[in-house]
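A.B. asks: Sequence:
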Amino acid sequence: MALAPAAVEALTAAVTGPVLFQGDPGIPAEIGAFNTFPAHNPEVLVAAESEGDVVAAVRFALENDLAVRTVSTGHGSPTPIVDGVLVSLRRFHGVSIDPDARIAVLRGGTRWGEVIEAAALHGLAPITGSSATVGAIGYTLGGGLGPLARTFGFSSDWARGFRVVSGEGQVVVANEFENADLFWALRGGKGGFGVVTEMTVELVPLTTLYAGSVLFDAPHIEAVYKRWADWSSDLPETVTTAVALASFPPIEAVPEPMRGKTLLAVRYAFIGDAAEGERLFEPIRSAAPVYLDGVRVMSPADVAEIHSDPADPGPSWDRGMMLDRVDGAFVDTLLGAIGPGTHTPIMACEVRRVGGATERDVPGGSAVGGRGAGYALVLIGAPDPALFDAVLPSVADGLTAALAPWVSAVTTPNWAGGFGVPGTFEASWPADTRERLAAIRADYDPAGLFPFAPSP
Numbered sequence: 009m010a011l012a013p014a015a016v017e018a019l020t021a022a023v024t025g026p027v028l029f030q031g032d033p034g035i036p037a038e039i040g041a042f043n044t045f046p047a048h049n050p051e052v053l054v055a056a057e058s059e060g061d062v063v064a065a066v067r068f069a070l071e072n073d074l075a076v077r078t079v080s081t082g083h084g085s086p087t088p089i090v091d092g093v094l095v096s097l098r099r100f101h102g103v104s105i106d107p108d109a110r111i112a113v114l115r116g117g118t119r120w121g122e123v124i125e126a127a128a129l130h131g132l133a134p135i136t137g138s139s140a141t142v143g144a145i146g147y148t149l150g151g152g153l154g155p156l157a158r159t160f161g162f163s164s165d166w167a168r169g170f171r172v173v174s175g176e177g178q179v180v181v182a183n184e185f186e187n188a189d190l191f192w193a194l195r196g197g198k199g200g201f202g203v204v205t206e207m208t209v210e211l212v213p214l215t216t217l218y219a220g221s222v223l224f225d226a227p228h229i230e231a232v233y234k235r236w237a238d239w240s241s242d243l244p245e246t247v248t249t250a251v252a253l254a255s256f257p258p259i260e261a262v263p264e265p266m267r268g269k270t271l272l273a274v275r276y277a278f279i280g281d282a283a284e285g286e287r288l289f290e291p292i293r294s295a296a297p298v299y300l301d302g303v304r305v306m307s308p309a310d311v312a313e314i315h316s317d318p319a320d321p322g323p324s325w326d327r328g329m330m331l332d333r334v335d336g337a338f339v340d341t342l343l344g345a346i347g348p349g350t351h352t353p354i355m356a357c358e359v360r361r362v363g364g365a366t367e368r369d370v371p372g373g374s375a376v377g378g379r380g381a382g383y384a385l386v387l388i389g390a391p392d393p394a395l396f397d398a399v400l401p402s403v404a405d406g407l408t409a410a411l412a413p414w415v416s417a418v419t420t421p422n423w424a425g426g427f428g429v430p431g432t433f434e435a436s437w438p439a440d441t442r443e444r445l446a447a448i449r450a451d452y453d454p455a456g457l458f459p460f461a462p463s464p
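Quick note on numbering: the sequence shown equals residues 9 to 464 in the numbering used here.
Any given hint could turn out to be false.
[As the list claims (entries may be wrong)] FRET-style restraints, in silico, Cβ to Cβ:
hint	residue 1	residue 2	range
1	D320	D106	31 to 39 Å
2	D91	D320	24 to 32 Å
3	P462	A226	32 to 40 Å
4	D106	A12	42 to 50 Å
5	P13	P393	32 to 40 Å
6	A283	P459	47 to 55 Å
7	A461	G336	35 to 43 Å
8	G431	A12	35 to 43 Å
9	G322	P462	24 to 32 Å
10	R368	P393	36 to 44 Å
Think of the hints as simulated: they come from the structure by calculation, not from any bench. Please read all numbers here as calculations on a predicted model, not as lab measurements. Note that CB positions come from ideal geometry on N, CA and C, so glycine has one too.
Make a model of the complete structure from these sequences and hints.
C.D. replies: Next comes the structure, spelled out in structure tokens:
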């Protein structure tokens, strides 16, 4: 649609950050981030540097009947955004810590790495995700299952408040005392309520972990995976663990010990005395000859090393789901489809043990989906965009069908891959939660400014 020059001029004058329009050659540089595949080219890009910039962008969209979407670090939308107003929060970041209250206040575009580093200076830690480069707020809005989840629960369980620019262009405070319905929704409801410009989270006192990962070579993958499946089913809540099957290409960018190999990584995080952590991990270390061992006493500042998620930008594709259980038959099915020698375009598959604290909702409740699941699975495709439209979805569909006996009926929105697969939006919450979320979205975004549910 053609934008009125007066409206454009008013927006540009009201916003301190850059305002770019469709086709501007500066758009890719302004919003290019982790996933380089989607080529966003919105009608209007507002690179917000303040909450006031966000307010101006939302009011402009409301007055001009334009949709509003948000991008921060680029781990979000897997599909190109080519219409409406796109609010970029990457310039609007930063964290402040109150060590006595154990509280961190995060601006809209803050990444977990900033929070981890700032909290560690005070002997504190956020209940973070596995990646230090992911946007803390977008991640938390979807619940968030990180490397300490079994001990501390979903990351959203530790959210204590939000500031949101609603669909009416108003700044709304949401916490247990103010707008409690919106507070409930933002802890796990993911999106469609407005633009979150600030989040307050509680930190935990934590100075050391016994954590890291051990890797096993291809001949031992089946034996170790089955040991992990049995061992992980009966662990104390002080342990969070995951297992990742990964095929590494034979290129120089991959560290030499992993180059060209298919390996199994067992990831481990124990909260407590290191000797007890070592004892609990012994069944995995003794399952087969260890190829590389990185489990050790570490600082919470190094928590991202447990999963060693990629930090460099590139094209990415993934598919996720929750699982009720994992057993030997599950391992046989998975390895038969994507294990060593199968020549699959699936580059990695991680299964995380959840449960424990993730099963218990917070006082007052929250919108998180997937609390009943015991495990979470994610597939990572080969980073070749030529495979993204048909080949990888076809392989993932086949694997999902084969794993149907283990797949949970309810998942969680961060594992839904942008709701691109039919049915994943509906499966991201129990039906009553989904209905309540829809009503709250209508209250805070009456004009439907923030697209969220997939098109019917």
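A.B. asks: Work down the list of hints and note, for each, if the structure agrees.
C.D. replies: Hint-by-hint comparison with the structure:
In this structure, D320 and D106 meet the distance hint of 31 to 39 Å, their C-beta atoms being roughly 33 Å apart. Evaluation of the 24 to 32 Å hint for D91 and D320 yields a pass: the beta carbon distance comes to about 29 Å. P462 and A226 have their C-beta atoms about 39 Å apart, which keeps the hinted 32 to 40 Å range intact. Remark: the range hint 42 to 50 Å for D106 to A12 is upheld by a beta-carbon distance near 45 Å.
For P13 paired with P393, a C-beta distance near 37 Å keeps the hint of 32 to 40 Å intact. Against the hinted window of 47 to 55 Å, the Cβ-Cβ separation of A283 and P459 comes to about 52 Å, which satisfies the hint. Range check, A461 to G336: about 38 Å between beta-carbon atoms, so the 35 to 43 Å window is met. A hinted range of 35 to 43 Å holds for the C-beta pair G431 and A12, which are about 41 Å apart.
Between G322 and P462 the Cβ separation comes to about 26 Å, which falls inside the hinted range of 24 to 32 Å. Against the hinted window of 36 to 44 Å, the Cβ-Cβ separation of R368 and P393 comes to about 41 Å, which satisfies the hint.
In this structure, none of the earlier numbered hints is contradicted; all agree with it.
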